[in-house]
Amino acid sequence: DQQVKQNSPSLSVQEGRISILNCDYTNSMFDYFLWYKKYPAEGPTFLISISSIKDKNEDGRFTVFLNKSAKHLSLHIVPSQPGDSAVYFCAAKGTNAGKSTFGDGTTLTVKP
Amino acid sequence: NAGVMQNPRHLVRRRGQEARLRCSPMKGHSHVYWYRQLPEEGLKFMVYLQKENIIDESGMPKERFSAEFPKEGPSILRIQQVVRGDSAAYFCASSPAAAGFNEKLFFGSGTQLSVL
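In order, the protein sequence lines correspond to chains L and U. Once you know that position 80 of the first sequence is 80 in my numbering, the rest is easy, because the numbers rise by one and skip nothing. Once you know that position 78 of the second sequence is 78 in my numbering, the rest is easy, because the numbers rise by one and skip nothing.
FYI, nobody ran anything at the bench for these hints, they're computed from the structure. Some hints here could point you the wrong way.
[Said to hold, decoys possible] Just the calculated beta-carbon pair ranges, DEER-fashion:
| hint | chain 1 | residue 1 | chain 2 | residue 2 | range |
| --- | --- | --- | --- | --- | --- |
| 1 | L | Asp-55 | U | Ser-87 | 38 to 48 Å |
| 2 | L | Pro-82 | U | Arg-20 | 30 to 40 Å |
| 3 | L | Ile-18 | U | Gly-28 | 31 to 41 Å |
| 4 | L | Tyr-39 | U | Gly-85 | 23 to 33 Å |
| 5 | L | Pro-9 | U | Gly-28 | 29 to 39 Å |
| 6 | U | Val-12 | L | Ile-18 | 21 to 31 Å |
| 7 | L | Ser-69 | U | Val-12 | 40 to 50 Å |
| 8 | L | Ile-20 | U | His-10 | 28 to 38 Å |
| 9 | L | Gly-83 | U | Gly-85 | 33 to 43 Å |
| 10 | U | Glu-68 | L | Gly-16 | 22 to 32 Å |
| 11 | U | Arg-22 | L | Ala-41 | 10 to 20 Å |
Quantities reported herein were computed from a predicted structural model and do not represent experimental measurements. Beta carbons: idealized from backbone N, C-alpha and C, even for Gly.
Generate the whole structure from the sequences, applying the supplied hints.
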């Protein structure tokens with residue numbers, strides 16, 4: 001029973017264009033969501049997060065949107081750069097839960 | 001300020017041997033999490049520890065796996081009698097002691113375990 005799903009294993013976009021990575025969750029107790037970025041042979045690093053009381057959070061080129069009714073969030077990267085090429089993990093946690101539950105990741109390739 | 005330190009980076013074991021993976025959290029962090037990434041899969045939660053206490057071990061296999069985070073020293077993930085299916089990347093993450101529920105995780109670079 002996968003509670004956090006990233007249905008697209010991979011995404012390829014042209015440099016300068018928008019990258020949109022999607023994530024769906026099933027557990028209604030989740031109320032905090034995070035995106036992590038992972039390069040090969042390294043650990044994931046935190047990118048951006050959003051609380052369930054918001055529907056949008058922006059940080060430079062990165063924006064996360066949350067649709068609670070649809071249990072869906074997305075990460076927008078504008079403009080995309082070749083250095084953004086990495087695996088992106090969506091994660092979710094509940095208020096009183098220490099652990100974060102991760103999706104399987106989406107591999108983003110940004111072509112020059 | 002050193003990040004989360006994991007060692008060894010690579011560990012090769014033969015079937016039936018024991019594997020010990022070590023994790024030193026960031027300075028000031030007293031919450032440690034272990035995740036496993038099997039080939040072609042995502043990060044799967046294994047265990048959450050605070051100093052000297054196991055808080056959540058719901059992701060740990062029932063047998064052969066154990067974890068500790070002693071008062072002094074690193075957190076240890078121990079796998080006894082390893083099998084080929086244990087081959088994976090094991091990531092440790094830490095978070096600050098005083099953080100509320102909005103805790104982001106700081107990950108180490110992982111230990112790649114290969115079982116021959």
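Cross-check of the supplied hints:
1. For Asp-55/L paired with Ser-87/U, a C-beta distance near 41 Å keeps the hint of 38 to 48 Å intact.
2. The hinted window of 30 to 40 Å between Pro-82/L and Arg-20/U holds, with their beta carbons roughly 39 Å apart.
3. Checked against the hint of 31 to 41 Å, the pair Ile-18/L and Gly-28/U passes, with Cβ atoms roughly 38 Å apart.
4. Range check, Tyr-39/L to Gly-85/U: Cβ separation about 26 Å, and the 23 to 33 Å hint holds.
5. At roughly 37 Å, the beta-carbon separation of Pro-9/L and Gly-28/U lies within the given 29 to 39 Å, and the hint holds.
6. Restraint check, Val-12/U to Ile-18/L: a C-beta distance of roughly 43 Å breaks the suggested window 21 to 31 Å.
7. Range check, Ser-69/L to Val-12/U: Cβ separation about 49 Å, and the 40 to 50 Å hint holds.
8. Checked against the given bound of 28 to 38 Å, the beta carbons of Ile-20/L and His-10/U, roughly 36 Å apart, stay inside it.
9. The hinted range of 33 to 43 Å is satisfied by Gly-83/L and Gly-85/U, whose Cβ atoms lie roughly 35 Å apart.
10. The hint said 22 to 32 Å for the Cβ distance between Glu-68/U and Gly-16/L, and at roughly 49 Å that hint is violated.
11. One distance hint, 10 to 20 Å for the beta-carbon pair Arg-22/U and Ala-41/L, holds here, with the actual separation near 18 Å.
Hint compliance for this structure: hints 6 and 10 are not met, and every other hint is.
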